[in-house]
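Chains A and B supply the protein sequences, listed in that same order.
The C-terminal position of the first sequence is numbered 165 in the working numbering, with every residue numbered one higher than the one before it.
The C-terminal position of the second sequence is numbered 30 in the working numbering, with every residue numbered one higher than the one before it.
It is worth saying that the hints were derived from the structure and are not from the lab.
Be a bit skeptical, because a hint or two may be false.
To be verified - Taking beta-carbon pairs under 8 Å as the criterion, some of the chain B residues facing chain A (in silico): (1) Leu9; (2) Pro11; (3) Phe12; (4) Ile16; (5) Ala18; (6) Val23.
For every residue, glycine included, the Cβ atom is placed at its ideal position computed from N, Cα and C.
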Amino acid sequence: MDGDGIVRDYLARLEAAAWPLQPGRRAELADEVGEHIEAALVEAGRRDVATVRNVLERLGRPEEIVASEVESDAPPPTWSGVAPASTPRPSAWGPLEITSILLLTFGMFVVPFFGPILGLALAWASTRWTTREKLVATLLFIVIFGLPVLGLMAVTSGGSSPAPG
Amino acid sequence: MDFDIVWLLVPFAGIIVAVFLAVRLARRRS
Numbered sequence: 001m002d003g004d005g006i007v008r009d010y011l012a013r014l015e016a017a018a019w020p021l022q023p024g025r026r027a028e029l030a031d032e033v034g035e036h037i038e039a040a041l042v043e044a045g046r047r048d049v050a051t052v053r054n055v056l057e058r059l060g061r062p063e064e065i066v067a068s069e070v071e072s073d074a075p076p077p078t079w080s081g082v083a084p085a086s087t088p089r090p091s092a093w094g095p096l097e098i099t100s101i102l103l104l105t106f107g108m109f110v111v112p113f114f115g116p117i118l119g120l121a122l123a124w125a126s127t128r129w130t131t132r133e134k135l136v137a138t139l140l141f142i143v144i145f146g147l148p149v150l151g152l153m154a155v156t157s158g159g160s161s162p163a164p165g
Numbered sequence: 001m002d003f004d005i006v007w008l009l010v011p012f013a014g015i016i017v018a019v020f021l022a023v024r025l026a027r028r029r030s
């Protein structure tokens with residue numbers, strides 16, 4: 001099989017693996033990958049079997065390309081290895097998150113006793129933490145703060161009861 | 001009951017929770 005045959009075989013495998021994608025996206029992906037291979041071969045200046053195999057190896061297996069395409073919501077394919085410039089990732093830290101963390105750590109000195117609780121409330125108001133993370137954070141707070149206090153209360157009330165005999 | 005422990009436990013719990021939340025957020029970004 002010559003270099004072009006290997007490329008055709010690769011693209012056929014890609015199309016076969018791309019069944020989870022929409023038909024339009026499937027054709028688009030095959031075109032894009034085909035163009036990418038062509039550009040890489042032009043850049044290499046050779047189309048022999050070794051060069052073609054090298055280019056395809058760098059691209060990855062067709063199944064991997066499709067898998068990353070299925071996972072990604074971004075319209076440009078992830079196999080290119082270049083993040084789209086038009087969709088910058090929003091920062092994970094907003095004013096609400098920063099205030100929440102600051103209140104949780106130093107809140108005790110700003111609003112005695114209620115500062116960290118206010119910080120926890122702000123964390124619940126934020127959308128950047130998942131509900132699960134907020135629940136874990138709340139449970140953590142209750143366990144670290146609540147249990148020793150309850151234990152202390154139990155010990156104190158137990159100690160104040162009159163001794164039998 | 002010795003209420004001093006409450007004043008110690010609230011910031012301690014707050015710091016632990018803050019570290020947990022900060023780490024989760026930082027990991028998601030990377």
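For each hint, the structure was consulted:
no., hint, in the structure
1, Leu9, "5 Å, holds"
2, Pro11, "4 Å, holds"
3, Phe12, "6 Å, holds"
4, Ile16, "6 Å, holds"
5, Ala18, "4 Å, holds"
6, Val23, "10 Å, violated"
Of the numbered hints given earlier, the model fails hint 6 alone.
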